[in-house]
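Asks: Each chain is listed here by its residues.
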Amino acid sequence: MADDDRNRATSDADGLVRLPADPDIGQSARRRARLEKVLGILSPLLILVLWEIVVRAGLLDARIVPAPSMILETFKSLIESGELARHVGVSLTRVFVGLLLGAMPGLVVGTLMGLSPMTRAIVSQIVASLYPIPKIAIFPLVMAIFGIGELSKYVLVAIAVFFFMAINSFAGVANVERIYWDVGRSFGVSRFRAILTIALPGALPMILAGLRLSLGVSLLVLVGAEFVGAKSGIGYLVWNSWQVFDVESMYAGIIVIGLLGWAFFAMLDELERRLVPWAPSNRR
Amino acid sequence: MPPNPKKALSIVEPAATVDPGRSTVIRIAGLSKRFLTARGEFEALRGIDLAIGEGEFVCLLGASGCGKTTLLRILAGLDRHTDGVAEIRAAQLGQPLTSVVFQEHSIFPWMTVWDNVAYGLRARKLDKAFVRERVDFFVHKVGLASFARALPHQLSGGMKQRVSIARAFANDPEILLMDEPFSALDEQNRAILQEELLRIWSDTRKTVVFITHSIDEAVFLADRVVVLGGPPGHVVMDARVTFARPRNAYELRALPEFGALVADFGAHIKAGVNGRR
Ligand SMILES: Nc1ncnc2c1ncn2[C@@H]1O[C@H](COP(=O)(O)OP(=O)(O)OP(=O)(O)O)[C@@H](O)[C@H]1O
Ligand SMILES: [Mg+2]
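Taken in sequence, the protein lines are chains A and B. Numbering (UniProt numbering) for the first sequence: 1 to 284. Numbering (UniProt numbering) for the second sequence: 1 to 277.
Simulated from the structure, these hints should not be mistaken for laboratory data. All C-beta atoms in this analysis are idealised placements derived from N, C-alpha and C, irrespective of residue type, glycine included. Fair warning: there could be bad hints in the mix.
What the hints assert, rightly or not - A few chain B positions that, by computed beta-carbon distances, are all more than 12 Å from chain A: (1) G77; (2) F108; (3) M159.
Said to hold, decoys possible - Label pairs and their calculated CB-CB ranges: (4) R273/A x H213/B: 21 to 29 Å; (5) F137/B x E177/A: 28 to 36 Å; (6) L126/B x L35/A: 52 to 60 Å; (7) V65/A x E104/B: 22 to 30 Å.
Said to hold, decoys possible - Computed list of chain B residues with no C-beta within reach of chain A, every gap over 10 Å: (8) E104; (9) R134; (10) A271.
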């Protein structure tokens, strides 16, 4: 912008170019930021409106793609009957119990791999070969071992989460800069203290990134598991609604899954801002 | 220290001796260091002999790659030498032998200025009130009292280096090891920190081993300048700098002796490189 101004600057007969002043000390930038925020909310609304119009005009088969207003109706009744809350509650419990069960061992194994080349040598090939197996593929096996109750869902989520946490905390700890370890050693700190004050804070950004991936993947795996092996939960709601051709409820379920994912990300954003204020993206 | 500003130079060659009246805190004899690299063995230090007295401010000069950092890391206990003897005399048991000010930014980005300075003391599990007093004192001393609760990314490069210096001094070691602590700073900040360092040093009378590439800095700061040649690193020259203290940077630099010393050290650094090629 400033360059445009420069090219348009008026010059008098002496060839003097007057550089323009700018009384705007950032108001326009702030206005633009506000506009961006509004657009961010408007654009999904616009899509919903278009969707509504297209369905009402009969361009889409309302039995398969119902209009947003119809989904909203179903949504309301699902909330009022308490059915939605029940399914969401069940799924959230499974996600968080599974997360806890998987994240802790993942963090420990990943940190040990980062700290000790010996552990890394022993474990890394095993992790590398088990990690890419789609976790939903072992759900039958998990059910065979842990039964068809809640435990099998916890375990499946835990297994999926374990790998993300292990791999990320390993990368985090292994990439803590050598200079920080040297500082620790030069002050003669104990191994335990070095882990607490150097390895973990140094790896924290990567650990939180692992947690973010874990939340995403636990939702993914859980919904899949609930399709085939559950009588409740948000995945069950989607699958069952489809089976009984209650398409609006199915859409409501899908939307809730999206909202949950969105909420998880917002949570992690906030957590990162609080826990890693030194990370470049959080500096103010 | 002989109070004679004119008598600037007394070269002690080839092996080092310590001022009579000072006790020896560092003794290095026939020290070598070899690294195993992808292309075979690499000899970084060969036959270093050096004795450093208590309270001495020693500057290590030498061309890049001659082994200065390697020697410092051995003294800091971060690396082990391959042959020879390296001894540090512990005056008080339980007190740390060395603290290091590293060349790179080494303060923890996840700790406040205060917590960084307290790091060594807390690791020793000292009394909380004692730690608080000592950390406050040094944070103040390096002029960062109003930034005590700030995180490092909110500081300038010079301020970060001051945190690093405060952290090392607060730990109250027998010996301070400083590896080009000011090399990343601009002229003004460097001059300010040099004077700060000398002030703190004259208050605490620590033994200091200070690596620098700036001959000028070495002559201004040091009681003694050791020039290394190599690789493999070896002592090329070991000379006393006897300008009276406290020193004034501008007056000192105007003295012809100052220029003569700088030129002489420069010649020896160059010879140390050429001698091996
Ligand atoms: N860990 C290592 N493995 C192999 N070689 C090393 C290692 N550390 C240092 N060296 C070699 O030892 C020599 C001395 O390195 P050192 O870092 O001590 O040099 P320096 O005098 O501090 O140089 P500069 O002034 O550039 O910092 C160099 O040639 C370097 O390549
Ligand atoms: Mg070096």
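Asks: Tell me, which hint numbers fail for this structure?
Replies: 1, 2, 4, 7, 8
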